[in-house]
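**Q** Now for the letters of each chain:
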Amino acid sequence: MIRIFALLFTAVLLYSEETSQIQKEIYTQILTSLFPKKSVIKIWVENPRTLLVLNSIPFVHIVSKPKNADVLVIYKNSKILSPQNCNKIVLCESYKLIKKEKECITGGFFWHKGRPNIIFLEKNLHKHHLHLPKEMEQFIEDEL
Amino acid sequence: MKNLRWYLLLLSTIFIAVAILFLQTQKTERQLSTNLQKIVTDHTYFLAENIQELLQKKLSSLENLPKKLKMHPSLRRDLNQALSLLSTPTFPYIYIVYKDHRGHYRYLLDGSKKDRGEFNQKIDVSPKWNDIFQTRKPLVISHNKLETLWITYLYPIIYKNKIEAILAIDFSSHFLKVLHNALKPLKYLSAFIFAIVSFLLIIVIFQVYIYLKTKKESLTDSLTGLYNRTFLRHFLENHNIDNYYVFMFDIDHFKSINDTYGHKVGDHVLQTIAHLLKQNLRGEDILIRYGGEEFLGFIKKSSPKNAVTIAERIRKAVENYKFNVNEHDFSTTLSIGINLYPERFKKTTNALKYADELLYIAKRSGRNKVVYQKEPSSIVQSLSATKIKELIEEGGIFCQFQPIVDIKTQKPIKYEALVRLKDKTNIYYPNQFLSNIHFTTLYTLLTQKVLEIVLDKIEKTGKHISINLSFSDITDNKLYHNLLTTLTLKKELASKLTIELLETEALEHKELIAKRLRELKNLGISVAVDDFGSGYSNFTIFQELPIDILKIDGMLIKNIAQDRISYSIVDAITQFADNIGIKTIAEFVENEQIIQILKDLGIRYGQGYYFSKPTDL
Numbered sequence: 001m002i003r004i005f006a007l008l009f010t011a012v013l014l015y016s017e018e019t020s021q022i023q024k025e026i027y028t029q030i031l032t033s034l035f036p037k038k039s040v041i042k043i044w045v046e047n048p049r050t051l052l053v054l055n056s057i058p059f060v061h062i063v064s065k066p067k068n069a070d071v072l073v074i075y076k077n078s079k080i081l082s083p084q085n086c087n088k089i090v091l092c093e094s095y096k097l098i099k100k101e102k103e104c105i106t107g108g109f110f111w112h113k114g115r116p117n118i119i120f121l122e123k124n125l126h127k128h129h130l131h132l133p134k135e136m137e138q139f140i141e142d143e144l
Numbered sequence: 001m002k003n004l005r006w007y008l009l010l011l012s013t014i015f016i017a018v019a020i021l022f023l024q025t026q027k028t029e030r031q032l033s034t035n036l037q038k039i040v041t042d043h044t045y046f047l048a049e050n051i052q053e054l055l056q057k058k059l060s061s062l063e064n065l066p067k068k069l070k071m072h073p074s075l076r077r078d079l080n081q082a083l084s085l086l087s088t089p090t091f092p093y094i095y096i097v098y099k100d101h102r103g104h105y106r107y108l109l110d111g112s113k114k115d116r117g118e119f120n121q122k123i124d125v126s127p128k129w130n131d132i133f134q135t136r137k138p139l140v141i142s143h144n145k146l147e148t149l150w151i152t153y154l155y156p157i158i159y160k161n162k163i164e165a166i167l168a169i170d171f172s173s174h175f176l177k178v179l180h181n182a183l184k185p186l187k188y189l190s191a192f193i194f195a196i197v198s199f200l201l202i203i204v205i206f207q208v209y210i211y212l213k214t215k216k217e218s219l220t221d222s223l224t225g226l227y228n229r230t231f232l233r234h235f236l237e238n239h240n241i242d243n244y245y246v247f248m249f250d251i252d253h254f255k256s257i258n259d260t261y262g263h264k265v266g267d268h269v270l271q272t273i274a275h276l277l278k279q280n281l282r283g284e285d286i287l288i289r290y291g292g293e294e295f296l297g298f299i300k301k302s303s304p305k306n307a308v309t310i311a312e313r314i315r316k317a318v319e320n321y322k323f324n325v326n327e328h329d330f331s332t333t334l335s336i337g338i339n340l341y342p343e344r345f346k347k348t349t350n351a352l353k354y355a356d357e358l359l360y361i362a363k364r365s366g367r368n369k370v371v372y373q374k375e376p377s378s379i380v381q382s383l384s385a386t387k388i389k390e391l392i393e394e395g396g397i398f399c400q401f402q403p404i405v406d407i408k409t410q411k412p413i414k415y416e417a418l419v420r421l422k423d424k425t426n427i428y429y430p431n432q433f434l435s436n437i438h439f440t441t442l443y444t445l446l447t448q449k450v451l452e453i454v455l456d457k458i459e460k461t462g463k464h465i466s467i468n469l470s471f472s473d474i475t476d477n478k479l480y481h482n483l484l485t486t487l488t489l490k491k492e493l494a495s496k497l498t499i500e501l502l503e504t505e506a507l508e509h510k511e512l513i514a515k516r517l518r519e520l521k522n523l524g525i526s527v528a529v530d531d532f533g534s535g536y537s538n539f540t541i542f543q544e545l546p547i548d549i550l551k552i553d554g555m556l557i558k559n560i561a562q563d564r565i566s567y568s569i570v571d572a573i574t575q576f577a578d579n580i581g582i583k584t585i586a587e588f589v590e591n592e593q594i595i596q597i598l599k600d601l602g603i604r605y606g607q608g609y610y611f612s613k614p615t616d617l
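Quick mapping for you: the protein sequence lines, in order, are chains A and B.
Counting from 1, position 65 in the first sequence corresponds to residue 65 in this note's numbering; the numbering is continuous, with no gaps.
Counting from 1, position 265 in the second sequence corresponds to residue 265 in this note's numbering; the numbering is continuous, with no gaps.
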C-alpha cells in the first residue's frame, strides 16, 4: 500500500514538473551545443528555480561564485555583468535583459507566451569562438 | 461454491459496466473538448475577419504589411491598442507575425496585455505553423506539452494570393480547466463508483481466495500435504474411477518404526514416503492419505504393464531410501496392491476394497511386494459385511467337506469342514468374505454357526470332522465356553472333532490358548496346526501348544515335484513331526506323482483334489 501511495505521489510530482523537464532538456541541448567536448560544465545560476533544473543535469556542476564558473545564467540582475564576468559565457532568462545587455550576453533561454524561446547572439558567439551545431543555428540572431 | 461463482460473475459484470461508464466519461470529456474547440474556432474566425478588416481600413492596403508597419511606429501603437481591446483571460495573446527570409516568425503587432512581444522580435513556434503556407486556410494547433496554452488559432492575412502575415490567437488552458471543472462531479461520481465496485471486487476475490484456501486445507492432510479422506469422498462423487488404476500403499512395519524411533520420526517417514510417491507419479494422478500409514492412489490409465512398472518403481524408491536418525541409518519398505480393473466393480467402494485386499495379500506374502490381478477374470469380488450378515441370518451358511485320506489304504479317515455362504443364485467361498469380517463380532457369529453345523454333522453321520479355528477364536470367551459346554454334554462328539489352528495370526496369549486347548483335549478332541510352513509358522508352537497333527502347507506340497526347496522343507517338517511323535497331513494333493513322493517321505495322510473335491456329507 505504501508503495502505491509513493508511486501516485511521484506521478503527481512528475506531472507538475513537466515544464521543468522541458527546461532541463533545452538546457542540456544548449550546454552540449556550446561545450560538445567538456565533461563537466561549471555554472553559476541566479534564479533558484533554474538552479534546481540545472543541478539535475549530470554533467553540470553548480558553483557559488561567478568567477569559478564556465557559464553564468542570469535572470534579472544585470549588476553581475562586470567586465570580468562579461568575458565568460553568459546566458540570460529574460528577453529584455538580453536586449539591454546584448554586448555581454551570449544568448538565452526564456518562456515567452507560454513557449520556450532560445536566442544566441552571433557577435558574442564569435567573441567566445563558439560554433553551434546545425540544428541550433536557427536560434542565432545577428542583431536585436 | 456455486452461489459464490454467481456472486462473482454478477460483481464482475457490474465492475465491467462501471469501468465502461468511467471510460465513457473520459471519452465524453474529449468529445466535449473537441466540440468546444470547433465552436470556439468558428467564432474566432469571425473575430479574425474583423481584425483583417481593421488592418485593411487603417493601412488602406495589406500589401507589404511588415514594411508598412516598420515605417509607422505610431500606427503600430494604435493597432496594438486596438488588438489589446480584444484580449481576454480566455485568449490572452492576440498578435500578428510574419515569416522572415530565414523562416523565423517575428512580431508585427501584439495586443497581448502581458508577455507582449516587441516589433520584429523572434518568436519560436511549432514547425506546424508552416502548414498554413500550404493550406492557406485558418489552422488550429493544439498544445499538449505546454502548461499554459490550450490551442493557437492561426489566420492567414492574404494579399493578392500572398500570405503577408499571420494573425495568431492563443487560447489559455484556463478555458480547458473550466471545462474539466464542469465535468469534475460526473468524473468524480464515476470514479467513486468505480473505486467502490473495485474495492468490493477485491474483497470478494479475497474472500474467494480465503474460501479456496480453507477448502484446500480441509481437503489436505496437514502432515503429508496429500489429499485426505474428505477429498476422497468429493473425488468419488465427481469422478469416474474407471479411468484410473487404484493403488493401495502401506508402509511395512510402520508401528515398529514409531515404537523404536518415536512418533516424530514416524511423521518424518510418512512425509518422506508421501514425497517419494509424489515424485514417482504424474501431476494428473491423485494421491490420498487413506489411513495412518496407508495411502491410496488413483493413477490415470495407460496400460496395466505401465501401472505395474510405476508401482515397482515406487516400491524400489522406498526400499532404497535411507532414513537417518541420530546418525543411524534405517530403511523401510512398501507393500502395494493394485486394482487394474476398477470398471469391473459395481460400486467404487468395492473397487477400493479389492485394492485393499490385494494389499493385504502383499502383506501376508512377505511384504515389500506389488500385488495385482493378472487377468480381469481373476477378480473375486468380496461380500460386504452387511451382505454376509444377511446371508448368515437367512440361513445361507453351510459347509462342504473334503476327505482326509490314508495314503496307504486310500480310505478317508476324517473330513475337513469348509464354510460356504449362498444366496439364491451364487455360492460364496471363504476368500470372498472372511477377510472382510475378521476381528468382528460377525466372524465370531460365523464360527459359532460352523461349529453348530459341524457338531450336528458328527452327531448325524458319526464321521470325524476337522474345523478351522484361529487363535482369536480360542481366546473368545463366549465361543470357547459354548464349545466346552456342548462337548462336556456330548462327550461322544469330542473324540470325533479335530480343531485345526490357523496360523494366520501371531500367537499371543499363548498360555491361555494352551490351557483352553488342554481342557478341550481332555474331553477327547484332537488339535492340528494348519498350513504349517506358511504365515506365522514357528516350530516353537509345538513346545507351547498341545499339537497332535501337523498339516503341511498346500503350496509346499503343490510344488514338491518341481521345487527342491519345497521338497527339502517338507522332508524336514516330516522328520521333525516323526521325532516328536505327531501325525502329518499333506494338503493340495493333486496327482499321482505327489502321492509317490509323499509315500517316499513317509507322510501317511493326504487331502486334495486327487482324492476328492469338497462335497456335501
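Worth flagging that the hints you see were computed from the coordinates, not collected in a lab.
Incorrect hints may appear among the rest.
[As the list claims (entries may be wrong)] Pair by pair, the computed Cβ-Cβ distance ranges are:
no., chain 1, residue 1, chain 2, residue 2, range
1, A, Val40, B, Ala17, 29 to 39 Å
2, B, Asp78, A, Thr32, 17 to 27 Å
3, B, Lys57, A, Asn68, 32 to 42 Å
4, B, Pro127, A, Pro36, 21 to 31 Å
5, B, Glu147, A, His126, 31 to 41 Å
6, B, Asp42, A, Asn68, 28 to 38 Å
7, B, Glu147, A, Leu144, 19 to 29 Å
8, A, Leu130, B, Pro127, 20 to 30 Å
9, A, Thr32, B, Pro73, 36 to 46 Å
Where a beta carbon is used, it is the ideal one built from N, C-alpha and C, also for glycine.
**Q** For every hint, state whether the structure bears it out.
**A** We went through each hint and held it up to the structure:
At roughly 58 Å, the beta-carbon separation of A/Val40 and B/Ala17 lies outside the given 29 to 39 Å, and the hint is violated. As the Cβ distance of B/Asp78 to A/Thr32 is approximately 45 Å, the hint placing it in 17 to 27 Å is violated. Look at B/Lys57 against A/Asn68: about 59 Å separates their beta carbons, and that is not inside 32 to 42 Å. Here the CB-CB span from B/Pro127 to A/Pro36 is close to 24 Å, well matched to the stated 21 to 31 Å.
At about 36 Å, the CB distance of B/Glu147 to A/His126 agrees with the hint of 31 to 41 Å. Judged by the Cβ atoms, the range 28 to 38 Å given for B/Asp42 and A/Asn68 is violated: they are separated by roughly 58 Å. For the pair B/Glu147 and A/Leu144, the supplied restraint of 19 to 29 Å holds, since their beta-carbon distance comes to about 27 Å. Between A/Leu130 and B/Pro127 the Cβ separation comes to about 25 Å, which falls inside the hinted range of 20 to 30 Å.
In this structure, A/Thr32 and B/Pro73 meet the distance hint of 36 to 46 Å, their C-beta atoms being roughly 40 Å apart.
Checked against the numbered hints given earlier, the structure breaks hints 1, 2, 3, 6 and satisfies all the rest.
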